[in-house]
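From first to last, the protein sequence lines stand for chains G and H. Number 151 in this note's numbering belongs to position 151 of the first sequence; there are no gaps in the numbering. Number 118 in this note's numbering belongs to position 118 of the second sequence; there are no gaps in the numbering.
Think of the hints as simulated: they come from the structure by calculation, not from any bench.
Since copy identity is lost for identical chains, a pair holds within one copy or between any two.
Heads up, simulated BS3-like pairs for lysine-lysine below, C-alpha to C-alpha not over 27 Å straight-line:
1) Lys15 to Lys52
2) Lys117 to Lys15
3) Lys52 to Lys23
4) Lys23 to Lys98
5) Lys117 to Lys23
6) Lys195 to Lys136
7) Lys89 to Lys15
8) Lys189 to Lys96
9) Lys89 to Lys52
10) Lys15 to Lys96
11) Lys96 to Lys195
12) Lys23 to Lys96
There are 2 protein chains.
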Amino acid sequence: MEYPHSFEELVECFKMLPGIGTKGAERLVYHVLSMDFEQVERFSDALLNLKKNIHYCQKCGHICEGDICEICQDSTRDQTTICVVESPKDVFAMEKLKEYHGLYHVLHGTISIMDGKTIDDLNIQSLFDRLNENIKEVIIATNPTRDGETTALFLAKLLAKQNIPASRIANGLPMGSNLDYADELTLLKSLEGRKKL
Amino acid sequence: MEYPHSFEELVECFKMLPGIGTKGAERLVYHVLSMDFEQVERFSDALLNLKKNIHYCQKCGHICEGDICEICQDSTRDQTTICVVESPKDVFAMEKLKEYHGLYHVLHGTISIMDGKTIDDLNIQSLFDRLNENIKEVIIATNPTRDGETTALFLAKLLAKQNIPASRIANGLPMGSNLDYADELTLLKSLEGRKKL
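Could you build the full structure based on these sequences and the hints that come with them?
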């Protein structure tokens, strides 16, 4: 016995999302079945509206509802510093700090040998278009993963060619952690990056 | 800094689904952002079509695209046996066996003290409406969980009042398992339910 077509179709759709397999998708579809029609309509509209309303900022690549994001539009922000991140999530994480007041640039990914992604697959040309003599620092804040580090090194080289000062966020022990639970690489980075007191 | 409204709205919608929290929902929304518009449109349509096209069978409560499901419509099936299950998933699980050829009745849940669900919240009146002198056996196949067992006992009592023969699926060690890994209750049920060879 097979699932009805409309059921199977929604299972396939849920399976397009990351981390959702057949069993998980079926569970979600059963839940949608038990929801009110109004709720499902709201969900259906929300999906379309996301794609209709949310765009990537033409300047920095961050998500926004217009052409240019509110950060790029904000002239009170420090226009001389650009923080380069992998994804819009990272912009929200940085903004939560309320410590960084410069601009951002979202790469939308990293170089990845495994996934066959090169520098050309990233939102990088628009970064170089933004660089001029006014830019005093580019902070490279890609994740400290294999791909993130590769991208950071590559980017640093490109920036050095143009004489743009670049920096990399620090690696080390996370606050509140224990030395004896830290992995070796983190501990090594922590030692290498030690500061004078 | 806050997420754009359309973003936040879809996060809220994903959070209506079971097992999806704020972080998980945000991750899914970022993925939807990276999907093609056609794919998102398909997803959006699939949600609506599910609610529009899939109904519960008026006879047994199973899911179907018409008023009466294909199992209830199939006159070649054994009309004297009804297998009572908790949800449509269970019908599909039973049908996979290709061993059971009777009818089904889907309760859509169980009695649950924790969730404040009583027998009146289940699709049970329509079960009793179906019972007549032709029914030779009602197999109670709710899950062997606390709530499933409670429901089975309750149902068995109601059926006994009407002199309808009821049976319960067997509990015991799952095939391929190890005695020393089995929990005590399962082992006890397995011993109690032993059969002569």
